[in-house]
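*Asks:* Chains as they are written, first to last, in this note's numbering: chain A, 1 to 343; chain B, 1001 to 1280.
Treat the hints loosely; a few may be bogus.
Okay, derived cross-link-like pairs now, DSSO-like style, lysine-lysine, Cα gap no bigger than 27 Å in a straight line [to be verified]:
#1 K1062/B to K1136/B
#2 K1158/B to K245/A
#3 K1072/B to K245/A
#4 K1055/B to K1021/B
#5 K1158/B to K1118/B
#6 K18/A to K1136/B
#7 K1158/B to K1003/B
#8 K1016/B to K1212/B
#9 K1094/B to K18/A
#10 K1072/B to K1021/B
#11 K245/A to K1066/B
#12 K1158/B to K1064/B
#13 K245/A to K1062/B
#14 K1184/B to K1064/B
#15 K18/A to K1119/B
#16 K18/A to K1107/B
#17 K18/A to K1158/B
#18 K245/A to K1055/B
#19 K245/A to K1107/B
No wet-lab data here; the hints were simulated from the structure.
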Amino acid sequence: MNANLGNILRSVSAIKSKNSWVFSGLIIFTFLSIIMSITFGPANITGDDILQCVMYECMSPIHDMVIWQIRIPRVLVGLVAGMGLACAGAILQNVTRNPLADPYLFGIISGAGLGATIATFAFNDQQSLALPLAAFLGALFSVVIVFGIATLLRNMNHLLLTGVAVSFMLGSISHFILYLGDPFATNRVIFWLMGSLARVEMFHFYLIGAIVLITLLTIFALHRQIDALLLGDESAASLGVNIDKLRLILLALCAAVTATIVAYCGGIGFVGLMIPHIVRQLVGVTTMPLIIGSALVGGCFLVWVDVAARSAFSNVEIPIGIITSAIGSIFFLAIMYRTRKTG
Amino acid sequence: MAKLLSVASLSWSVDKQVIIKNISFDVNSGDIIGIIGPNGAGKTTLLKCLLNHYKNWQGTIKLKNKALSQYKPNELAQTFALVVQNSPPIFDLKVYDVVRMGLLPYKTLFARDSDTDKKNIISALEKVGLANSQAKFFNTLSGGEQQRVLIAKALVQKAKVLVLDEPTNHLDIYYQHQILQLVKALNITVIMTIHDLNLAAHYCNRLLLLDKGQLVSDNSVDKVLKPELLTKVFGLPCYRDDAQHCGVPRVYFYPASQTASNIPLANKPDNSANHEGELS
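The shape of chain A in the complex, shown without the other chains:
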């Protein structure tokens, strides 16, 4: 019996040690990604130049400017935005018990789009401040509506469908305004909706980073409660979880993270849908490994997608949201195909 117990305990730690190898690998890869991705872009910068700049002093003022004011903020914002979107997706999928949940399917992007549209036409001179703020408020507004309607329907399973309906509603209002409006402003909104990290600054990294950190800490604190939801509401309630409160906290956090990212980076879809699915295959479905894994993989993913966005064509940059949506929509279908086969 005791030998048996020993064997079993060993196999438990085998699972754990497999995960710690995966995490060590991911952490190393994340650091390598940050350094390496700085070398990609229109200006020719090598790894040595970066090392020189970070450790000592830059070789030339151009290097200094490109590395510190363009590349590093961009890579770091890409990293935290990827982390935030992937974690928000992982949590939403667990909370709604829907493997196809994604922060962007809750009407967040169309809410932000409406906010941005209104800001573009109403505050013509304060664009850099008004657009992110209006987008943020619009995103929160849409989440509140979606959650309110789902509460009214007394059915959290309808959260996603409500999100789709609200998306169309807010989208049609935006389109109406854009149709009547000035073509130049319309262009600006449409490009913003496609998503890009081209205009980010260090300040955005601090802001998004802070909110991602708060989200991660909250999830770490509540990881057992979130795990309990995986077996259904009734089971979670019998373990002492206040389901309504937990759901509200988590949805509010996801909304805040996504809205902040959307406000500064525009529409970057499907990261939150894809990454958690890949991570579950790697490290399992419980909250702690899932969230840490999603943060690392999501961060790296967006950093490299942004590298592709800025270096695929030499003369023009591709909006990052186009790439993530292209990959994501195929992935979405693949998940549905897989659930059809197994379920």
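Assemble the complex: chain A is given as a structure, and chain B must be docked to it using the hints.
*Replies:* Just chain B, lined up with the frame of chain A:
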């Protein structure tokens, strides 16, 4: 036996429709109570009120002489463990992860699992005979094995009262007995809803018979499983056989459309009523 739980004039209604009304009973520690009755009699509702999942019930429920409302959710979770499988998990949860959920009521925010926790999880899985399945996916187990995993979770939860909602649903006869034998062998207080009256007779020491939201009978198996009473509640002719070989009474129902005269057993109920006096 010490009184663990006492329920007095418990009622619960939704949208002005009364689901259960005026139910009173006590639970002593060590009891194995079966809640029986037709569909819609309020069996599951009664369980949910006891677990405090439904909040707006009227009446009093006292746990160890203290009102249920005075307990914190995690204190209730340390007392009651619910074994129910309504919705299958959407992701590939491992057996170990499911049992590990039982630690929740004892853990503060941020807390990780200690080595003792891990040992407790494994030994709970050993008790239900599934120690070697801990790395398997919960979804791939059979219905009976899933129930046993959930019981292991309840053991990790160190609950004083095991609450089961239809534990034998969808199980074949072998697994029905296996689960209930396991539950009985745990030597803790059990409250369960159950449809199969003969299984209930085997494993419960007390039965609560509900009908249309009211408690019709609360007594020993022998006293509750009366053909007249069961016929009234279930609407079907009933025959009771005090089968000596299994030590507990067995009841049989037959279609209401058949008249008493063309059923071979038809005149038996009266006989058994006569026998009852002789037996006791």
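*Asks:* State for each hint whether it applies.
*Replies:* Structure-based check of all given hints:
Distance restraint check for K1062/B and K1136/B: the Cα-Cα separation of roughly 40 Å exceeds the 27 Å cut-off, and the hinted pair is therefore not satisfied. Under the criterion of a C-alpha separation no larger than 27 Å, the hint pairing K1158/B with K245/A is consistent with the structure, at around 25 Å. At roughly 15 Å between alpha-carbon atoms, K1072/B and K245/A fall within 27 Å of each other, so this suggested pair holds. A threshold of 27 Å between alpha carbons decides the hint, and for K1055/B with K1021/B the separation of about 15 Å falls inside it, so the pair holds.
For the given pair, K1158/B sits about 14 Å from K1118/B by alpha-carbon distance, which is consistent with the 27 Å threshold. In summary, the hint linking K18/A to K1136/B is supported, as the alpha carbons are separated by about 16 Å, within the 27 Å threshold. Proximity of K1158/B to K1003/B is assessed by CA-CA distance (about 19 Å); at most 27 Å being required, the pair is judged to hold. For the given pair, K1016/B sits about 15 Å from K1212/B by alpha-carbon distance, which is consistent with the 27 Å threshold.
Of the supplied pair hints, the one linking K1094/B and K18/A holds, its CA atoms being roughly 15 Å apart against a limit of 27 Å. Annotation: proposed proximity of K1072/B to K1021/B holds, straight-line Cα distance about 26 Å (limit 27 Å). About 26 Å separates the Cα atoms of K245/A and K1066/B, which keeps this hinted pair within 27 Å; it holds. Pair hint K1158/B plus K1064/B holds up; C-alpha atoms about 17 Å apart against a cutoff of 27 Å.
Restraint check: the Cα-Cα separation between K245/A and K1062/B comes to about 26 Å, which is no more than 27 Å; the hinted pair holds. Between K1184/B and K1064/B the CA atoms are separated by roughly 22 Å; this keeps the pair inside 27 Å, and the hint holds. Of the pairs offered as hints, the one joining K18/A and K1119/B holds, with about 20 Å between alpha carbons and a cut-off of 27 Å not exceeded. The hinted pair formed by K18/A and K1107/B meets the criterion: a straight-line CA distance of about 25 Å does not exceed 27 Å.
In summary, the hint linking K18/A to K1158/B is not supported, as the alpha carbons are separated by about 30 Å, beyond the 27 Å threshold. The hinted pair formed by K245/A and K1055/B meets the criterion: a straight-line CA distance of about 15 Å does not exceed 27 Å. Straight-line distance between C-alpha atoms of K245/A and K1107/B comes to about 18 Å, which keeps the hinted pair within the 27 Å bound.
In this structure, the hints that do not hold are numbers 1, 17, in rising order.
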